[in-house]
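Just so you know, the protein sequences line up as chains A and B, in that order. According to the working numbering, the first sequence holds residues 1 to 188 in order. According to the working numbering, the second sequence holds residues 189 to 1151 in order.
No lab work stands behind these hints: they were computed from the structure. Idealized CB from N, CA, C, for every residue including glycine. Be careful, since some hints might not be right.
As the list claims (entries may be wrong) - If you anchor each label on the Cβ, the simulated ranges turn out as follows:
| # | chain 1 | residue 1 | chain 2 | residue 2 | range |
| --- | --- | --- | --- | --- | --- |
| 1 | B | P191 | A | D93 | 24 to 30 Å |
| 2 | B | G270 | A | E157 | 26 to 32 Å |
| 3 | B | A345 | A | H78 | 55 to 61 Å |
| 4 | B | Q271 | A | R141 | 44 to 50 Å |
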Amino acid sequence: MSDEPQQEVTELLQKWSAGDEDALEKLTPIIHAELHKIAHRYMNRERDGHTLQTTALVNEAYMRLIDWKSAKFENRAHFFGVSAQLMRRILVDFARKRPKVDDKQVFHVSLDEAFEVTSGKDADLVALDEALTELARFDERKATVVELKFFGGLSVEEISEVLKVAPITVMREWQKAKAWLYLQLSAQ
Amino acid sequence: MDPKRWKQIDSLVDQALEVPEPEQAAFVAEKANGDADLERAVLELLAAQGQSNEFLQHSAMRIVAQAIAIDQPQVKAPSLIGQKVATYRIEKLLGAGGMGQVYLAFDEKLRRNVALKILPAEYGKNDERVRRFELEARAISKINHPNIVTIYDVGNAEGIYYIATEFVEGKTLRDLSAGRFKLRNVMANSIQICDALSAAHAQGIIHRDIKPENVMIREDGYAKILDFGVAKLSDVGSETMSQIGANTVKGMMIGTPAYMSPAQISGDQIDHRTDIWSCGVVLYEFLTGKNPFKGSSRQATFEAILSKNPPPPSSINPEVPSEVDAILEKLFSRDNGGGYATANDLRADLKVIKRELDSSTSMGLSGESSWTGRAGLRNRRLPLVAATVFLGLAIVAASAWAIFFSNRSTDTEWARATSVPLTDSQGIEFFPSLSPDGKSFVFAGQTGDSFDIYAQRVGGKTARNLTPDSPAADTQPAYSPDGELIAFRSEREEKGIYIMTEGGENVRRIADFGFHPSWSPDGKEIVVSAFGRDQPNVRSLGDNGLWIVNVENGTKREVSKVEASFPAWSPNNKRIAYWYQSSSISKREIATIPVDGGEPVIVAKDFATSNWNPVWSPDGRHLYFVSSRTGSLNFWRVQIDEITGGVLSEPEPVVTPSKFSRHMSFSRDGKRMIYVQTSDQANIQGVEFNSKTLKTVGEPFWITQGEREITRPELSPDGTRFVMRAVKITQDDIVTVSRDGREWRDITDDAPFDRYVRWSPDGKQVAFYSDRGGTGEIWAANADGTNLRQMTFQNSQETASGFPIWSPDGKSLVYTNLTAHLMDLSKDWKDQKITRLPTTPPSDRFVGWDWSPDGKRIVGTLGEGSASSVAYYSMETGTYRKIGKLRGIIPSWLPDNRHIAYAAGNKIMIVDSETGLTNEVLSSMTVRPRSPFVSRDGKLLYYAAHSYESNIWLLDLTTTGGE
């Protein structure tokens, strides 16, 4: 594990948080590369038939990317907030740009749905992003909890630290936010 | 959402969560204190908390990484392409899902395309699961129905688990939902879906997830249900899914509750009626563009399904007939004993409506009989709703098409034109060309058995034969832009394209090939097609290409190598329009290319319709063409950019008083148009027959009567029913009728082309040609229309298999694919060793049509088109013998095993297969008799009697005070 991307990411994050939009352009490929690394490992493990440890892989990735200790942020909470925003932006962007299956390629096959996992469904990441923006209009705290947890990969404890509320409150806000988002997305 | 209001909701949710679950509802009701909105919002959120446990369970990063992982096999594992799995050669990746990839593959054993799903290795880890899954899949694969995507094979080859299914190309109803639907098509597709459900339910298999995504409409308009039984299979597979964390996203995507039946929601035991309900929801959505039950939330949707009665479809789309309202009302009835008990009951009711639509379509379009001039035309277009239904164009909401049609159909100037027939003689007049000044016209008209070019004044009564000296057919005349010359095609000894003066003098040949000449605007060149394809409904193979010939010196150059017919040179010398046979077997499409050659630009390419015979308006701003889009074959036009070929408008109908129209030609000022109106009817005629003298007794009589074109009728072995192909407008079906011609039954009644039908020797089945599988193959069905099944699997887009004939012992079948082939009916297709009957000389094509009663000889025609002659093939010697000298077609054996009847021109002949002596037994002045048979008892000679007429009509804008 090299430190290089870590430091680079942290610096870029600082710049971005200070309003430097160019920093985002440099950050995106780094994070994409990381995503591909996880994806690659994910696939290999699947092929080998090992039990998947995707959660661990992803956590590793977050840690590799974002080293709060060396960050020169006002505080840890601020840093978490910024990195979650950044991840949200990049990931949603990724989902938005992911090429859709060409119309001509609509070959339908029996049994396909039975094994469907995620293919073609990242559009919902986009829908989720939109719903989250809507939620923030009238309940900012719930929206932040979702951003930190779902996009930023933070634990309930970390979120509780960022928001300065009890973990049980974070948990409850998270569940209520999910219920609202779920209704929004399933009504579509 | 108002933040204050939200706080109120949010805090009540919090409070309710403190209360034990069973008491929550009562608690919320009490707290809400009559605020129904508040109560509903809180209850919805509480319910959603229960359902959203797995929702957003994993981080966004993981989801994206997974998505990348799924995308990657397409790039990273191309290794499977070109490889073989079991008997399948993998050709290309069609799509990938998290649990495997789907490939287009070629089954080398059965020589057909399949969609091959390769399951990931994960799948094979649990033996019990594999076993259960395969059992299920095999049960489903037993449903063999043309409207269900078939599972061919489930297996495991060297550790790779795969599922092979039928390969279907088309779009799902969901993809098409923004498009336009004709009510008639909606009915036809719904009937097909009911058919499919019936077949599956009969085997105890329930789909459980009928929704627009699971109904695929093939390019030819044929419906196929996807994923049959998958809902149940996926129960078996769900364990696997959760193992790899698939539920992350699944949580967000859980089904589409709006199509569930009340039983599914209530968690009751579900049965086949669940599918009928869902089918009703799909039908409703089809008709109105709206789902009848979908609410703003899942909960609201469920409530609606359990208790709401949706508004009648006609209240949303006025074109929906009230009978359809009644069907859906019955279908959504939740009373005990309400609803439809079986898919077959629903099918029966839908069929009644489709019949009515069909008959009103033909009534409204029967044109000439009720045609009484301009007033008649008005009546047919107004009132709007009636006219729309009349034209078979009842259209669904969400379709700009309806608006377009209702607003615009009156807009084309031709609606104001006066319309008069210019010729009314019996027989055929076609390929008219109007002189540039619009005052006279030339056309190809019948002279005896052949054609000549005639000239006539507009308004005059007599036509002058310009080519009286040529015994061979002269057709396709075209006035030069200055009106002084006429180009035409001739079949005379030196075939090709000829030129003469408008008076019929100075005849000279400018090319030794070519058809359908069209002049360049400067009159110096002519574009011709290399192959003469006149009929849009017959698929014919021949030379491709378009050539430009210099009128002065005959030099020629090829402008295009594509298949092209009826070239039309644009008025400003920019492009050439033409029509061609689409790769999809029964469609015709239109394209243009630059005059100097180049890439074609498609003008008209539709679902389920044929477009052909393009003609430029004299100003080059419109391209007129003939289209089957309203069910008849009539004129339409689009605005077009003459330079780029770009289409600038939706097609608009050009109203004429004719049912079937073609071959339009304009005057230079665009104020006059002439065209050909055709009618082609055929019914069964019979005449008493004396087998000893081989003569007919008395006059022929009609056995059937009607507007349909009936071809190749055959009486069942027991002499009770005729089976035949019946053509209605553009639909070809197989039907039977009682011997007295009164009681009709459908064997097929849908969009695909079904032709060339023959009884099995026991009279229990019929075999026929159909393109319902996407390629032209032999199909069979029981005499009552059940058990429809495919018999050949040649799977070729290039050649079709037709003319199935059963051997008298019922053990073999001969069919024709370019030439005759013999198959063994005791074997499955995959074990067949198809024998191709030899041909002599090798270039000749043999089409078998009747097996001799002793099973030793097959009679048919040898050779192509006009050069074909009657011949039989001997099974014993493996050789052919030509019989008689006359041209003849569609021969059959007499019961005496010796004589052969066949059609030639307007006659029926009988020839002795031993001596070659030929007798004329019937000659008709009024009809063309085709496909004669003598009944097995030897007492009846029957045949399809065709009456074909075509006349030339004028649409005139100059006499209406137009401009």
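Evaluated hints:
no.	hint	verdict
1	B/P191 / A/D93: 24 to 30 Å	holds (29 Å)
2	B/G270 / A/E157: 26 to 32 Å	violated (53 Å)
3	B/A345 / A/H78: 55 to 61 Å	holds (57 Å)
4	B/Q271 / A/R141: 44 to 50 Å	violated (55 Å)
Checked against the numbered hints above, the structure breaks hints 2, 4 and satisfies the rest.
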